[in-house]
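There are 2 protein chains.
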Amino acid sequence: MKELRVGLLGIGTVGGGTYTVISRNQADIARRIGGKISIVQVADRNLELARQVTGGQVAVTDDAFAVVNNPDVDVVVELIGGYTVAKELVLKAIANGKHVVTANKALLAVHGNEIFKAAADKGVIVAFEAAVAGGIPIIKALREGLSANRIEWVAGIINGTTNFILTEMRDKGLAFADVLREAQRLGYAEADPTFDVEGIDAAHKLTIMASIAFGMPVQFEQAYTEGITSLTTKDIQYAEELGYRIKLLGISKKTEAGVELRVHPTLIPEKRLIANVDGAMNAVVVKGDAVGPTLYYGAGAGAEPTASAVVADLVDIARLQGTTAEQRVAYLGYQLDQQQVLPILPIAEVQSAYYLRLHASDKPGVMADVTKILADLQISIDAMLQKEPQEGEVEADIVILTHITQEKTMDAAIARIEALPAITGTAIKIRMETLSR
Amino acid sequence: MKELRVGLLGIGTVGGGTYTVISRNQADIARRIGGKISIVQVADRNLELARQVTGGQVAVTDDAFAVVNNPDVDVVVELIGGYTVAKELVLKAIANGKHVVTANKALLAVHGNEIFKAAADKGVIVAFEAAVAGGIPIIKALREGLSANRIEWVAGIINGTTNFILTEMRDKGLAFADVLREAQRLGYAEADPTFDVEGIDAAHKLTIMASIAFGMPVQFEQAYTEGITSLTTKDIQYAEELGYRIKLLGISKKTEAGVELRVHPTLIPEKRLIANVDGAMNAVVVKGDAVGPTLYYGAGAGAEPTASAVVADLVDIARLQGTTAEQRVAYLGYQLDQQQVLPILPIAEVQSAYYLRLHASDKPGVMADVTKILADLQISIDAMLQKEPQEGEVEADIVILTHITQEKTMDAAIARIEALPAITGTAIKIRMETLSR
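Keeping their order, the protein sequence lines are chains Y and D.
FYI, the working numbering numbers position 349 of the first sequence as 349, with every residue one higher than the one before it.
FYI, the working numbering numbers position 126 of the second sequence as 126, with every residue one higher than the one before it.
Among the clues, some could well be false.
Which chain D residues face chain Y? A few, computed with CB under 8 Å, are given here [claimed, not checked]:
id	residue
1	Asn25
2	Arg31
3	Val58
4	Phe65
5	Ser147
6	Tyr224
7	Tyr238
8	Ile246
9	Ile251
10	Pro269
11	Gly298
12	Glu304
13	Arg328
14	Leu332
15	Lys372
16	Ile373
None of these hints come from the bench; they were simulated from the model.
Positions of the beta carbon are idealized from the N, C-alpha and C atoms, including for glycine.
This is chain Y alone, in the form it adopts within the complex:
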């Protein structure tokens, strides 16, 4: 495959993230597609910023149309936002026979029908994974992963700002206005938060998902939109007492009478996974007739999570230009001749935290002996649980959670612990993962 030459419109948060991700992961991406993705030109009104982010490696301009008309650009990445200039630029790029990648949900929800028609006429790709739920590959799941299904409904937490606000209202019992102010201070909410808190942003994203789910044109103007501004902590609390959480959901359902397309605060049983999606995170549940419910969770905004989706679209475009099966999408993600034979760690070398259960006679000093053995091997203790002996027994369970150590160190400690006279039987060892980093 030859090089895919990218023109970037906008080098703000997402544009900067896109530049960073392509630069940092260049080698891995090349191993996947058997070719190269290069940013050849960047347009931003802030030339200084553009020069700073690109470090003089790339031509910069303050004229976005120069990028769109640049014959050396294969793909235009539109990260400007809004409906007017962005629309002109996208349509011009298409007219010039260039593929387009965009994160602009407002543009697609409102002008998508016109844009996709123009792209089809010119035979170019318009990709927009970043437009819905940031880094979560939900467009790909709907369009490709679930293509065997008749989709019955889609329901999602697709606005991180409002989910952050609702989570804070619930956790801290604070009023909407107070949390909004705090969110603005932290940069989670914009100075004019209307698009987020009134549900408009979520409705844009829902419109796009519904179109894919049900095979219909985008119809944003028909979406029902209700925000979270009048929601009180009282209702959040009452809902909780009844076993529910309140989330701003975008819901689209195909019924015999027509398609529901609605964004509003919604009570969800607290047992559902999606009810437990907190903070600025996003999640979408898709119900297909064959697969049943599936859920997709991740960061819905932010520089690099959104860039992850933008760059995945670029990789898709590069792959679609390949001519062999393997070039299109490599069987195992990376081109076969680019695989590395990495060593697999023996379990003794693995690092983990541990749960230990010991059975000990109720003698004084056993805890001191056990903790000394752990200390000697530099295994630190995270938590401990000592159980009383059960009725009629003289031995009791001791449970210890350790911090991270190497498996062979843990095993050495266990061998010494089992040799203590007060310890009976074998120790139970279960590995522990926080899955947080």
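Once you have looked at the hints, place chain D on chain Y.
Just chain D, lined up with the frame of chain Y:
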């Protein structure tokens, strides 16, 4: 696009599901790909079953090699399982220049390197979405959706049988052996459950995911595998007291020293979404350097969920044979000329359950009046919460959860309720969704 002609090897659970899904969703799939997927031949040792499932619509044979050698077959779907005959059939199909779709994780985890090499030499596709986590499009997410990322680790509940057993042990306090027996009776566990309960099946799936995540050959023989057979309810309970759940996780992590590839029972903090994945469901967390953690959840087994993945692979193959951008993957999933302008339901026509909060003076009879209004409009009550008036107030909150009704009926009820003399202010109405069906 022309027709994609499929030969199906095996018409048992997943094969039958594949046949059903393709038949039922034929029209929707055709609208997506602008062409047709047809099963032209089915092989199964049980000819009677094959005839019964296909209803005489398709040629059946008990000779799988007849399908693999059939010049009218473009794609062979291998759903036989095992390492020996399945391997021969897959390699023969590839040698004959046919694409292959398989759900056979054991085959790929053990012989994947040889199979993918053969496929690359012949320029054919080998697709295997169904091999890992059933209907969840996790292979696509890893290979395409997250292609911008350096993957740091993958951790998943990728065996439904063991997750069902662990969930039952925890919920009912039953011993492993008892739950296993029950699972076997219900058909959730096989007569010989070794592959599931010893973690071998999970290790097969993990091996495939790790290979995609880190760009390395499959190395199943190096995976560390520890099952759940010696897990006791005592440890599940102690873990719970400490704020953890025990799950059988497949974990693969890239470290400086090498790649971890391990399956074992694992304590996970109960706050993590994946700790709350219960019953036979599967979920995989993928951590990418740009996107952060993402999670994919759904049914990991069963006829139609697995068929969902098999058929999605067929759709992918059909799309890759398209020649224009739009034919490859349609912008909005469906070909533009196949979009239907579906009516969007006005919110008044939408069906929903509701949360109502009323503010009522503490007069006798107000509850009777409210419930009579709801009954008159045939709105049934699911739950009710009556709050005492707050200190110094004479009015109290009444919260009502209703069953499903139409929004305009609910609004009519609210208008009547608000007109009651004992009700002050406006009623708060929040929609409620169970997201269960």
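So, going through the hints one by one against the coordinates:
1. Asn25: 6 Å, holds
2. Arg31: At 6 Å from the nearest chain Y Cβ, arginine 31 of chain D passes the 8 Å test, so the hint holds.
3. Val58: Cβ of valine 58 of chain D sits 18 Å from chain Y, so the hint is violated.
4. Phe65: 23 Å, violated
5. Ser147: Nearest chain Y Cβ about 4 Å off; hint holds.
6. Tyr224: 4 Å, holds
7. Tyr238: 5 Å, holds
8. Ile246: 7 Å, holds
9. Ile251: Because about 7 Å separates isoleucine 251 of chain D from the closest Cβ in chain Y, which is inside the 8 Å limit, the hint holds.
10. Pro269: Holds. Min distance 6 Å.
11. Gly298: Holds, about 4 Å.
12. Glu304: 4 Å, holds
13. Arg328: 6 Å, holds
14. Leu332: Holds - the Cβ of leucine 332 of chain D comes within 8 Å of chain Y, reaching about 5 Å at its closest.
15. Lys372: This hint is violated: lysine 372 of chain D lies away from chain Y, its Cβ roughly 22 Å from the closest one there, beyond 8 Å.
16. Ile373: 20 Å, violated
Hint check: violations occur at hints 3, 4, 15, 16; the rest are consistent with the structure.
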